[in-house]
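S.K.: In terms of full-length UniProt numbering, the sequence shown is residues 1 to 154.
Wrong hints could be hidden among the right ones.
[What the hints assert, rightly or not] Result set (SDA-like, lysine to any residue): computed pairs, CA atoms no more than 20 Å apart in a straight line:
#1 K129 / F143
#2 K151 / I76
#3 K151 / R130
#4 K129 / A139
#5 K129 / V92
#6 K129 / L153
#7 K151 / Q72
#8 K129 / L152
#9 K129 / K151
#10 K129 / H147
#11 K129 / A25
[Unchecked claim] Cβ pair distances, simulated, as ranges:
#12 G154 / H116: 31 to 41 Å
#13 H116 / H147: 15 to 25 Å
#14 D64 / A84: 33 to 43 Å
Calculated directly from the structure, the hints in this document are not laboratory data.
The model shown is predicted, which means the values in this text are computed figures rather than measured ones.
The beta-carbon is built from N, C-alpha and C at its ideal position, and this holds for glycine as well.
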Amino acid sequence: MSASHHPTFRPATRDDVPRIVDLLADDEISRSRGHLAPVGPGHWAAYDAIEADPRNEIVVAEVDGEVVGTMQLTYIPGLSRDGAERAQVEAVRVASTHRGRGLGRAFMTWAVARAHERGCRIVQLTTDKRRPDAHRFYASLGFTPSHEGFKLLG
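Generate coordinates for the entire structure from the input sequences, incorporating the hints supplied.
M.R.: So, in structure tokens, the structure goes:
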């Protein structure tokens with residue numbers, strides 16, 4: 001990635017919400033789950049709740065002033081592992097026009113460093129079983145598929 005295209009990472013603002021929703025919807029698996037633009041009341045309510053919660057944040061990646069990536073970080077206190085706090089990484093997206101250039105790796109490296117700065121001893125994430133490329137990517141960053149995940153929708 002050239003210097004002129006150096007990414008910056010920052011907390012999202014309310015003005016970023018429409019672009020974040022576009023990034024989340026720009027994915028066949030997400031569309032199959034009903035994640036579609038445009039921005040609606042549920043998106044605004046979720047953003048307001050996340051913004052008000054010091055243990056949650058939506059962050060964005062920018063290149064040349066354009067938001068080209070997003071993720072949510074949630075910091076979870078717990079009694080297990082001697083009271084270790086963990087960071088949960090969710091809803092990671094990089095714009096299709098910026099994939100394969102190292103942006104996702106830089107973004108995830110930044111997120112792990114941010115979690116460690118907060119004192120988190122564990123960084124965890126889930127990824128859809130239908131995303132083998134994402135599985136290889138996270139493994140290349142040192143994440144291990146140590147647990148089986150279950151979800152109950154409804």
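S.K.: Now look at each hint and say whether the structure bears it out.
M.R.: Hint-by-hint comparison with the structure:
1. K129 / F143: holds, 15 Å
2. K151 / I76: Holds, at roughly 18 Å.
3. K151 / R130: Holds: K151 and R130 sit about 15 Å apart, inside 20 Å.
4. K129 / A139: holds, 14 Å
5. K129 / V92: holds, 15 Å
6. K129 / L153: holds, 16 Å
7. K151 / Q72: Between K151 and Q72 the Cα gap is close to 18 Å, so the pair holds against 20 Å.
8. K129 / L152: Distance ~15 Å between K129 and L152 Cα, so the pair holds.
9. K129 / K151: Given that 20 Å is the threshold and the Cα spacing comes to 12 Å, the pair holds.
10. K129 / H147: Roughly 13 Å separates the two Cα atoms, so the pair holds.
11. K129 / A25: At roughly 18 Å apart (the allowed maximum being 20 Å), A25 and K129 satisfy the hint.
12. G154 / H116: 31 to 41 Å: holds, 35 Å
13. H116 / H147: 15 to 25 Å: Since the Cβ atoms of H116 and H147 sit about 21 Å apart, the hinted range of 15 to 25 Å holds.
14. D64 / A84: 33 to 43 Å: holds, 38 Å
The structure is consistent with each of the numbered hints, conforming to all of them.
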